[in-house]
Amino acid sequence: MIPDSSAADRVIRRGRLLTVVGLVLLAGIYLLAFQFTPAERGQGLAFKILYVHAPAAWAAETAFVLVGLVGILYFWLKDERLDVFAEASAEVGMVFATVILTTGPIWGRTIWGHYWAWDPRLTFTLLLYVLFAGYFALRSAIRDPAERARFAAVLGIMGMLLVPFIHLTVYLFRSQHPMPVLGRPPCPLENPDCAPSLPWVLLRPLLASFVVFTLLYVGFVTIRYGIGLRRAAQEGSDA
Amino acid sequence: MPEATTPIILAQGLERRFGALVALSGVDLAVGAGELVLVVGPNGAGKSTLLRILAGLATPTRGRVRVRGVDLHADAEGRGAIGFLSHQSLLYDDLTARENLQFAAALHGLSGADQLVQQALEAVGLSHRADARAGTFSRGMTQRLAIARATLHSPPVLLLDEPFTGLDSPAANALRERLRKERDGGRVLVCVTHDPTEVWDIATRVVVLRGGCVVLDTLRPAVLDAFRSTYAGLLAT
Amino acid sequence: MKTLRAALAIAAKDLRIEWRTRTALLTSTVFAALVFLIFVFSRDTGGVSLATLAPSVLWVTLALAVMVALNRAFLLEKENSALEGILLAPVSRSAIFWGKWLANLGFVLMIEAIAFPLWILFFDVRIQPALLVVALLALLAAIGFTAVGTVFSAMTVRTRFAELLLPVLLLPFMIPPLFFASQGTVRLFEGRSVTEIWSWLRLLALYDLAFLAVATMLFPKVMDE
Numbered sequence: 073m074i075p076d077s078s079a080a081d082r083v084i085r086r087g088r089l090l091t092v093v094g095l096v097l098l099a100g101i102y103l104l105a106f107q108f109t110p111a112e113r114g115q116g117l118a119f120k121i122l123y124v125h126a127p128a129a130w131a132a133e134t135a136f137v138l139v140g141l142v143g144i145l146y147f148w149l150k151d152e153r154l155d156v157f158a159e160a161s162a163e164v165g166m167v168f169a170t171v172i173l174t175t176g177p178i179w180g181r182t183i184w185g186h187y188w189a190w191d192p193r194l195t196f197t198l199l200l201y202v203l204f205a206g207y208f209a210l211r212s213a214i215r216d217p218a219e220r221a222r223f224a225a226v227l228g229i230m231g232m233l234l235v236p237f238i239h240l241t242v243y244l245f246r247s248q249h250p251m252p253v254l255g256r257p258p259c260p261l262e263n264p265d266c267a268p269s270l271p272w273v274l275l276r277p278l279l280a281s282f283v284v285f286t287l288l289y290v291g292f293v294t295i296r297y298g299i300g301l302r303r304a305a306q307e308g309s310d311a
Numbered sequence: 271m272p273e274a275t276t277p278i279i280l281a282q283g284l285e286r287r288f289g290a291l292v293a294l295s296g297v298d299l300a301v302g303a304g305e306l307v308l309v310v311g312p313n314g315a316g317k318s319t320l321l322r323i324l325a326g327l328a329t330p331t332r333g334r335v336r337v338r339g340v341d342l343h344a345d346a347e348g349r350g351a352i353g354f355l356s357h358q359s360l361l362y363d364d365l366t367a368r369e370n371l372q373f374a375a376a377l378h379g380l381s382g383a384d385q386l387v388q389q390a391l392e393a394v395g396l397s398h399r400a401d402a403r404a405g406t407f408s409r410g411m412t413q414r415l416a417i418a419r420a421t422l423h424s425p426p427v428l429l430l431d432e433p434f435t436g437l438d439s440p441a442a443n444a445l446r447e448r449l450r451k452e453r454d455g456g457r458v459l460v461c462v463t464h465d466p467t468e469v470w471d472i473a474t475r476v477v478v479l480r481g482g483c484v485v486l487d488t489l490r491p492a493v494l495d496a497f498r499s500t501y502a503g504l505l506a507t
Numbered sequence: 006m007k008t009l010r011a012a013l014a015i016a017a018k019d020l021r022i023e024w025r026t027r028t029a030l031l032t033s034t035v036f037a038a039l040v041f042l043i044f045v046f047s048r049d050t051g052g053v054s055l056a057t058l059a060p061s062v063l064w065v066t067l068a069l070a071v072m073v074a075l076n077r078a079f080l081l082e083k084e085n086s087a088l089e090g091i092l093l094a095p096v097s098r099s100a101i102f103w104g105k106w107l108a109n110l111g112f113v114l115m116i117e118a119i120a121f122p123l124w125i126l127f128f129d130v131r132i133q134p135a136l137l138v139v140a141l142l143a144l145l146a147a148i149g150f151t152a153v154g155t156v157f158s159a160m161t162v163r164t165r166f167a168e169l170l171l172p173v174l175l176l177p178f179m180i181p182p183l184f185f186a187s188q189g190t191v192r193l194f195e196g197r198s199v200t201e202i203w204s205w206l207r208l209l210a211l212y213d214l215a216f217l218a219v220a221t222m223l224f225p226k227v228m229d230e
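Residue numbers (the working numbering), protein chains in the order written: chain A, 73 to 311; chain B, 271 to 507; chain C, 6 to 230.
Do not rely on the hints blindly, as some may be mistaken.
Unchecked claim - In silico DMTMM-like links for lysine to aspartate or glutamate, alpha-carbon gap of 20 Å or less: (1) C:Lys226 x A:Glu152; (2) A:Lys150 x C:Asp229; (3) C:Lys226 x A:Glu307; (4) C:Lys7 x B:Asp345; (5) C:Lys7 x B:Glu285; (6) B:Lys451 x B:Asp431; (7) A:Lys150 x A:Glu219; (8) C:Lys226 x B:Asp345; (9) C:Lys7 x B:Asp431; (10) A:Lys150 x B:Asp431; (11) A:Lys150 x C:Glu195; (12) C:Lys226 x B:Asp384; (13) C:Lys226 x A:Asp216; (14) C:Lys226 x A:Glu219; (15) A:Lys150 x A:Asp216.
As the list claims (entries may be wrong) - Some, not all, of what chain B presents toward chain C, calculated at C-beta under 10 Å: (16) Gly289; (17) Leu291; (18) Val292; (19) Arg322; (20) Ala351; (21) Gly353; (22) Gln358; (23) Tyr362; (24) Asp363; (25) Asp364; (26) Arg399; (27) Asp401; (28) His423.
These are calculated hints, taken from the structure and not from any lab test.
As the structure is a computational prediction, the values presented were derived from the model and not from experiment.
For glycine and all other residues, C-beta sits at the position ideal for the given N, C-alpha and C.
Could you build all of it, start to finish, from the sequences and the hints given here?
Below, the structure written as structure tokens:
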């Protein structure tokens, strides 16, 4: 069931190609966001962080949900490669989350003078990060690969179920403590919780960014999956 | 391979892998009533793995175990036919002997538990310590209580994993006698041990495992002849 | 039903052993009292009144006490290798979950029952009629904590760093119910009507149902070998 090293290498090559394309497009996004998009009236430059943060957060969350879904598949199909994929997705998701959690406070300090203000997106990402950390802590504590795959799948599935509750908690928490949002879509001051509609010129980079981040996610995960397959093939030949 | 007329345990094509490590491969075993099978082999041969699969504790990667026709791993009920005696007591130190057995009775859904428990305690000579905590028992007494627990639900199959560990000579003799009685009573016994002399006298059949495979499976009296021919075969290759 | 009887037998056995030794129960309760003391002595005595602190303190303490309590859940079995005795029986793995969960819940409720009056005492809690609602919140929170905790302690007991790993895995899962319960408590302290608390109770119940269902399905996978 574990393919040999050459198959793994092919996967890695494909992943690298996707990633390079994604990174080039990412540069294009930056260009689009800064050169070709006007500043938003209410928040000015601060608004532009939305173009990176929102898609990255979405990618991190999707990465985690996929860990859970793949866990369910693992119990159904019992294919060890699914566990390799789960580990890859979790690692990539954690990287995205780390980026958000490091750039967010820097941006926040620049814009509103606070490193951290329980901004809903950052708070959500922090909780997701803690889940990822627990996932890796569990994985590293188990030696037997089959047991590790099983337990990781259990944790992944339960974590996936927790995600909607985290959303709910963060949302309710925010409504108790209204706070600045990093890169919040524009809303009138009197009604901070309105559902805004962005004009096309401001929306355009956001949509493009979502596509690019999805591509990056797929690229990174493919590379990492390939590395995982190669490692598993090596372990198989060593034993 | 000696065949029993209606095997009570029927294991076919058992395979067990831990990642890349193969613990058992292509193991077939058929055991009938009144047989006491001695399973021996070097460390890492897969003896304990085999026993745990036969007990329903571990699932085989491939293959199937049927006990009295019921697939052991497909249905939890199948485990009701198994009694397991280990070098670990599987008992709770803080419960009394009686409470330990009552708990076992509840797990097996046995009716008339109180009477069964009393009879079991008497059968192993522990009725005078029935209400003492199991943690206060000596090793020999613990083993007797463990036997009572393993046979409480009158299982047709008794699996033993290094049961003589830590027993002194009288206790070991008592255990041997008990096992002989069970065998004569028509139970099926499979005993894994690293020292065949412990059960040599009461064994009816010997199975030798090496590297996860069965290399010898023959009736005990015929072991020496079988060994000679197998050994010759190994030398020739 | 056979599963139910087996589950009850397992729960009864656990609670009986716990009652006989009483160590874990006493230790957890003393632990809760000590956490209360830490809160009292570490606060800004001028700035923060005990009453303001009271809701958060209750829930933080309960969360920590649950953590301490859950560690003992599977440790007991590991010590005697007795879990095998249960696994050998013709009892479904789900029955083992229900039994362990019930025992853990009973244990946590015992701790809560002792910590609760202490909390009322130490933090000068004066919301007499609403105390029943707080008790209900405590029950619902305990159900959720123990459902997830039973699965996780079954996993961590087999690893090398069980005592450290269990909190790391469990605490993120305790944040939503903790938040719901403490928000409900805060509302009660503010004197809001029970109908407002109702939504927080409903959220807790939703969490409990969701995780009990998933835990029942996933626990057998943890027991596999």
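Status of the hints after comparison with the structure:
1. C:Lys226 x A:Glu152: 15 Å, holds
2. A:Lys150 x C:Asp229: Answer holds: A:Lys150 to C:Asp229 is near 13 Å, not above 20 Å.
3. C:Lys226 x A:Glu307: 25 Å, violated
4. C:Lys7 x B:Asp345: 14 Å, holds
5. C:Lys7 x B:Glu285: Cα-Cα ~32 Å, so violated.
6. B:Lys451 x B:Asp431: 18 Å, holds
7. A:Lys150 x A:Glu219: 12 Å, holds
8. C:Lys226 x B:Asp345: Holds - the C-alpha atoms of B:Asp345 and C:Lys226 are around 15 Å apart, at most 20 Å.
9. C:Lys7 x B:Asp431: 29 Å, violated
10. A:Lys150 x B:Asp431: At roughly 30 Å apart (the allowed maximum being 20 Å), B:Asp431 and A:Lys150 break the hint.
11. A:Lys150 x C:Glu195: 53 Å, violated
12. C:Lys226 x B:Asp384: Violated. C:Lys226 to B:Asp384 sits at ~34 Å, over the 20 Å cutoff.
13. C:Lys226 x A:Asp216: 15 Å, holds
14. C:Lys226 x A:Glu219: With Cα atoms ~10 Å apart, C:Lys226 and A:Glu219 stay inside 20 Å; holds.
15. A:Lys150 x A:Asp216: Since the Cα atoms of A:Lys150 and A:Asp216 sit roughly 15 Å apart, the hinted pair holds (cutoff 20 Å).
16. Gly289: 14 Å, violated
17. Leu291: 15 Å, violated
18. Val292: Status violated, d = 16 Å.
19. Arg322: 7 Å, holds
20. Ala351: 8 Å, holds
21. Gly353: With a minimum Cβ separation of about 8 Å from chain C (threshold 10 Å), the hint on B:Gly353 holds.
22. Gln358: With Cβ-Cβ at 4 Å, under 10 Å, it holds.
23. Tyr362: 6 Å, holds
24. Asp363: Hint holds; B:Asp363 Cβ to chain C Cβ min 6 Å, cut 10 Å.
25. Asp364: 5 Å, holds
26. Arg399: 17 Å, violated
27. Asp401: Violated, about 13 Å.
28. His423: 9 Å, holds
Hints 3, 5, 9, 10, 11, 12, 16, 17, 18, 26 and 27, counting from the list given before, are not met by this structure.
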